[in-house]
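S.K.: Full structure from sequences and hints, please.
Chains as they are written, first to last, in numbering that gives the first Met the number 0: chain A, 0 to 657; chain B, 0 to 657.
For the record, the hints were derived by calculation from the structure and aren't laboratory data. Treat the hints loosely; a few may be bogus.
Repeated chains share a single entry, so a pair holds when one copy, or any two copies, can fit it.
In silico SDA-like pairs for lysine to any residue, Cα to Cα no more than 25 Å straight-line [said to hold, decoys possible]: (1) K247 x W158; (2) K361 x W610; (3) K187 x Q134; (4) K361 x R514; (5) K247 x E94; (6) K578 x G623; (7) K361 x V541; (8) K247 x I402; (9) K247 x V420; (10) K361 x G457; (11) K578 x L181; (12) K247 x L236; (13) K578 x E503; (14) K578 x V630; (15) K247 x A401; (16) K247 x S154; (17) K361 x E455; (18) K187 x G115.
There are 2 protein chains.
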Amino acid sequence: MTVSPHPFTADVARNLTLNPQSPVHSVPVQPSRGVLSPLGIEQVRIDSGFWASMQTLNSTDMIQHCEEWMERLGWIGNFDAVVDGRIVADRQGREFSDSDVYKLMEAMAWEVGRIGDTALDARFEALVDRIEPVQEPDGYLNTRFGRTGQQPRYSDLEWGHELYCYGHLLQAAVARGRTRGLDDRFVKIARRAADHVCDAFGPDGIQSVCGHAEIEVALVEFGRMTGQARYIDQAKLFVDRRGHGVLKDIEFGRAYYQDDEPIRDSVVLRGHSVRATYLAAGAIDLSIERGDDELLGAVRSQMDNTLARRTYITGGMGAHHEGESFGADFELPSDRAYAETCAGIGSIMTNYRLLLATGDMKYADVIERTMYNVLATSPGEDGRSFFYANTLHQREPGIVPAIGEVSARASASMRAPWFAVSCCPTNVARTVASLGAYLATSTADGVQVLQYATGEIGAELMGGAVALRVVTDYPNDGTVTVTVSQTIDEAWTIGLRVPAWAGESAVLRVRGEERQAGPGLVEVAGPFAVGDVVELVLPLDVRVVRPDVRVDALRGQVAFERGPLVLCVESVDAPSVSKVDELRVAGTPTVGEGGAVSVPMLSIGLPDRAWPFAADTAAVAVGGSTQVPLVPYNRWGNRGPSTMRVWIPTSSDVVAGG
Amino acid sequence: MTVSPHPFTADVARNLTLNPQSPVHSVPVQPSRGVLSPLGIEQVRIDSGFWASMQTLNSTDMIQHCEEWMERLGWIGNFDAVVDGRIVADRQGREFSDSDVYKLMEAMAWEVGRIGDTALDARFEALVDRIEPVQEPDGYLNTRFGRTGQQPRYSDLEWGHELYCYGHLLQAAVARGRTRGLDDRFVKIARRAADHVCDAFGPDGIQSVCGHAEIEVALVEFGRMTGQARYIDQAKLFVDRRGHGVLKDIEFGRAYYQDDEPIRDSVVLRGHSVRATYLAAGAIDLSIERGDDELLGAVRSQMDNTLARRTYITGGMGAHHEGESFGADFELPSDRAYAETCAGIGSIMTNYRLLLATGDMKYADVIERTMYNVLATSPGEDGRSFFYANTLHQREPGIVPAIGEVSARASASMRAPWFAVSCCPTNVARTVASLGAYLATSTADGVQVLQYATGEIGAELMGGAVALRVVTDYPNDGTVTVTVSQTIDEAWTIGLRVPAWAGESAVLRVRGEERQAGPGLVEVAGPFAVGDVVELVLPLDVRVVRPDVRVDALRGQVAFERGPLVLCVESVDAPSVSKVDELRVAGTPTVGEGGAVSVPMLSIGLPDRAWPFAADTAAVAVGGSTQVPLVPYNRWGNRGPSTMRVWIPTSSDVVAGG
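M.R.: Written out as structure tokens, the structure reads:
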């Protein structure tokens with residue numbers, strides 16, 4: 000697989016003479032090569048609809064919520080405790096709590112860049128005030144290690160997370176640098192930290208890696224932003240070292256932190272799913288900057304295999320609670336789906352990089368699926384509670400955590416305000432704040448609209464500015480209307496993604512003509528005049544979906560999808576049964592008023608047996624079938640505790656009854 | 000539920016004026032009340048067949064293997080290191096490694112009692128020589144805590160396992176005391192330890208419990224053996240304290256160590272499955288000695304619910320690797336079956352106590368199922384390798400651990416010689432050595448043969464001695480011939496258990512007559528003369544078994560059983576497919592020469608898809624059906640790495656093909 004250089008950065012690609020003065024956008028990822036070029040959050044504005052509401056909720060609640068909790072629990076206060084000399088006695092939170100402060104700051108930085116919130120900017124700077132004095136003269140910055148009375152620096156690379164924390168520091172600094180410029184004080188802190196990492200772990204330094212990948216993807220991007228090859232060199236050292244057993248063996252095995260085999264040799268993602276996806280994202284970035292198409296091909300193949308065999312219908316990744324890890328191929332149990340919110344975000348990060356590199360719309364499809372069914376599932380409607388794990392089957396109604404209670408990360412609880420390990424809320428916040436960047440891309444002569452939301456998209460093509468106005472009620476409605484609001488004289492193309500789930504049913508209307516479109520990227524060639532309209536109609540009938548026969552956990556069950564949304568049944572919508580496990584699909588779904596979906600289902604009697612295995616175990620239907628509503632999975636649990644299923648058994652195990 | 004006193008100990012039951020001089024047997028459990036009375040290993044001898052081979056393997060290999068490994072790894076050497084004053088620097092193994100030394104000693108003690116092996120007795124005494132000087136003047140005995148440079152005594156009740164270690168010390172001392180008498184030196188060590196526990200944790204002592212239940216069941220039995228009510232009082236304190244949140248909350252939740260709710264209030268076993276079953280066994284013992292039928296009823300109901308909803312077809316318990324714990328009701332995934340060998344043993348312990356208390360043959364059925372399909376599955380044919388977890392579905396061929404390598408406890412490996420946490424091998428050894436005790440019981444006027452093996456059973460009835468000679472090739476053959484070899488003038492009964500799986504098909508032949516028998520306890524009334532024969536014929540046709548419709552993980556699959564054996568398919572027997580996951584059941588099983596079982600199966604093609612969920616995912620049959628052998632689950636993996644399934648999909652997801 001060969002990736003062509005970006006048109007506008009082709010000259011700086013292979014030899015990495017990056018120029019920080021070259022046009023950069025407010026993007027989390029700025030590859031120097033690739034089929035598609037990212038657009039920044041200053042170029043893509045979401046005005047209304049599903050994702051605008053989520054961004055507003057982030058603005059009004061999520062970011063503030065994260066800040067309040069980390070103040071309350073003393074995770075931010077750890078920095079003050081260092082300055083006051085009382086950190087050994089007073090330190091709060093887990094060994095990696097600094098990272099969540101940095102992820103909060105990344106969210107703040109993108110949000111300041113997005114809407115210019117001066118109050119939020121002041122809060123960001125106030126955090127910098129507290130962090131800056133903690134940095135040591137050689138650039139080391141961590142509240143947990145290195146002082147008298149603490150464990151020595153880098154004495155526990157397996158679990159200490161020092162490099163992981165730097166990674167999130169650097170990513171926050173990328174957000175700040177790309178929205179405020181490289182002279183920003185926080186960027187300078189990050190630069191000193193990055194230099195320290197290169198000093199400490201360089202060719203003559205510690206010959207090891209961090210137990211949690213993250214520094215790799217951060218160093219490459221920080222190198223891109225600052226134009227410093229040294230940081231990318233260091234990322235390469237980390238990527239190349241991992242997989243050779245440089246970390247200790249642990250009960251989960253070295254696969255947990257991907258130190259079991261080199262990434263170039265792997266065939267599929269494995270081990271801890273957040274670690275695996277973060278590493279994959281970093282390796283892709285490295286491959287792009289170093290022209291290492293073999294590495295890119297290896298990671299792409301790993302992701303392809305992961306999507307084919309180890310990904311939930313929601314886009315969720317990670318089938319094991321133990322080790323928060325991927326399971327084996329086709330091991331996708333609904334009830335034990337870990338599908339950590341952060342792994343979903345790691346998947347979006349990785350698939351976005353593959354999308355930019357290859358232009359394959361398949362990766363944009365995965366991003367859409369994961370955005371709507373993992374990212375959007377985590378936060379509750381209040382913006383102040385979150386799922387850490389995203390089960391596809393809730394057997395018993397979950398517990399609502401007490402107000403102010405810190406939850407176990409993957410408990411039987413409903414969305415919780417905070418967790419002992421609380422990586423997910425800040426990860427959601429930073430992703431939602433930068434979401435605009437994932438919606439559209441450009442090429443030398445075109446703009447590609449990849450995710451659909453009402454708003455504006457601007458891009459520079461051939462030295463001129465073009466702009467599109469997108470109007471849609473997607474995903475509630477399948478019609479997307481794209482109007483040219485600014486154009487250039489030259490011919491250019493408007494690309495629209497038709498998701499694979501649309502099959503052959505999408506319709507494109509342009510210049511009075513209508514035609515079947517996609518799946519894949521559908522391009523309309525210009526030249527365009529202001530006011531020209533391209534309209535895409537995606538089919539929003541409800542799809543009945545069956546699992547690959549190798550998925551043991553899903554045999555005899557079906558799921559329902561509508562547009563990009565995975566649907567589910569909740570017990571609050573099925574008052575005739577005590578648990579949704581008593582329901583059996585007995586017909587085809589219908590879409591009613593306002594898009595309400597329902598399916599005929601039977602209720603079954605479930606006699607208690609002393610022993611659950613017998614020659615005949617057929618269940619008996621109780622009464623006739625009734626219409627049971629299906630709701631978007633991402634909103635489940637917002638009406639109080641309930642039982643829930645995404646995959647619902649068919650009635651093949653039922654015999655007629657009373 | 001009311002339990003009647005044992006005939007021979009009725010006078011000493013409720014008020015616990017136990018008399019250590021009263022007739023006791025070489026039994027692990029000697030309840031003072033109950034429907035059935037245990038027979039000791041000196042009364043039940045197994046001569047040949049399945050379990051005799053296992054006992055021989057224990058004699059020749061398993062016990063020695065455990066001793067060699069613990070010498071090699073320094074777990075036994077820890078006691079020497081204490082004496083030499085170098086324990087802080089030199090201690091080896093996990094915090095609970097002392098317990099495995101004691102479990103080894105329990106196995107040795109039973110084995111010495113069973114076959115009078117003087118060389119083994121000398122090895123036992125040599126261990127006592129090394130342990131005795133480690134005990135402190137106040138009775139405290141642990142290599143891990145309490146010395147300068149170590150954590151203080153009882154400073155980590157959640158994870159420190161000090162009381163757990165005492166529990167195994169006491170159980171080993173019960174084995175020694177019941178085979179060698181109470182004057183034994185090791186019994187005296189245990190008595191000092193038990194007194195110390197009562198001093199430290201008594202009414203005025205530490206108001207807490209051990210993170211791993213075990214001391215409870217051990218204290219009751221040690222109290223029974225020594226006639227000391229104090230130990231049973233202490234067990235009561237521990238049982239009553241647990242469940243009130245006396246231990247710290249942990250990520251797994253307090254249910255992990257059953258400290259989430261009092262055992263009297265629980266409805267089903269939950270949390271760590273070994274902890275849960277050990278606690279249940281101790282609570283039953285306590286209920287028996289204290290006439291607490293409410294407690295007995297509560298635990299019985301918990302086990303009944305656990306058998307109905309949380310037990311694998313093998314008898315295995317524990318559906319989660321995370322926390323080695325029970326899952327929710329009907330959460331029984333084959334591929335993630337943890338089904339720890341020790342949990343199976345804990346289940347045998349608990350069900351044996353319920354059997355003695357209630358006389359309900361259901362519990363003997365469970366013991367049989369668990370003996371044949373969990374206990375017997377763990378050790379390999381070499382007696383020097385063991386399964387820790389007992390999966391019901393091996394997706395990829397397991398790795399054979401390198402010789403001398405310590406394995407992770409539940410890795411993807413085949414049977415391993417030893418584990419970092421190596422509770423299972425010693426647990427198998429102690430159980431197999433004392434297995435005779437589980438085979439038969441007596442009442443005032445009868446002997447009950449509960450598990451079938453060729454051998455001799457003796458009992459005292461009405462002041463006289465009776466004896467039975469049992470001859471059978473069970474489970475290879477269903478005929479059990481019981482001959483009276485010693486009798487008394489009075490009428491007495493011979494009871495034979497007909498397992499529930501026999502349905503209405505078992506046949507009893509007695510005095511020239513033949514009749515349908517059971518299920519349950521079938522009794523033949525005497526008087527008997529020497530040479531009288533009772534013959535039971537159990538049906539050994541292969542049974543096709545289906546799961547309760549609530550078990551999502553097993554939908555569309557069937558399992559096969561023959562007699563007490565659960566069968567499975569191994570890839571070494573299906574050379575036409577690369578993995579057993581490609582097989583589909585396409586007919587009914589047949590039994591051929593020498594009991595060889597086979598089933599017609601189809602092979603299916605498994606096309607790779609980029610995404611595993613679609614409108615149509617039916618598999619295509621490749622060729623016609625072929626006869627595929629099924630083998631006993633307990634012997635799987637003995638012919639090298641293979642893939643394996645207990646539950647095999649039917650062909651309902653297959654369409655005809657090429």
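S.K.: So, for every hint listed, does it hold in this structure?
M.R.: Each hint, compared with the structure:
{"no.": "1", "hint": "K247 x W158", "in the structure": "both (10 Å within a copy, 23 Å between copies)"}
{"no.": "2", "hint": "K361 x W610", "in the structure": "between (46 Å within a copy, 10 Å between copies)"}
{"no.": "3", "hint": "K187 x Q134", "in the structure": "within (11 Å within a copy, 61 Å between copies)"}
{"no.": "4", "hint": "K361 x R514", "in the structure": "within (22 Å within a copy, 69 Å between copies)"}
{"no.": "5", "hint": "K247 x E94", "in the structure": "both (18 Å within a copy, 20 Å between copies)"}
{"no.": "6", "hint": "K578 x G623", "in the structure": "within (17 Å within a copy, 41 Å between copies)"}
{"no.": "7", "hint": "K361 x V541", "in the structure": "within (21 Å within a copy, 49 Å between copies)"}
{"no.": "8", "hint": "K247 x I402", "in the structure": "between (39 Å within a copy, 20 Å between copies)"}
{"no.": "9", "hint": "K247 x V420", "in the structure": "both (22 Å within a copy, 17 Å between copies)"}
{"no.": "10", "hint": "K361 x G457", "in the structure": "within (24 Å within a copy, 74 Å between copies)"}
{"no.": "11", "hint": "K578 x L181", "in the structure": "neither (56 Å within a copy, 56 Å between copies)"}
{"no.": "12", "hint": "K247 x L236", "in the structure": "within (18 Å within a copy, 42 Å between copies)"}
{"no.": "13", "hint": "K578 x E503", "in the structure": "neither (37 Å within a copy, 36 Å between copies)"}
{"no.": "14", "hint": "K578 x V630", "in the structure": "within (16 Å within a copy, 38 Å between copies)"}
{"no.": "15", "hint": "K247 x A401", "in the structure": "between (39 Å within a copy, 18 Å between copies)"}
{"no.": "16", "hint": "K247 x S154", "in the structure": "within (12 Å within a copy, 28 Å between copies)"}
{"no.": "17", "hint": "K361 x E455", "in the structure": "within (24 Å within a copy, 70 Å between copies)"}
{"no.": "18", "hint": "K187 x G115", "in the structure": "within (21 Å within a copy, 78 Å between copies)"}
Violated hints, in rising order: 11 and 13; the structure is consistent with all others.
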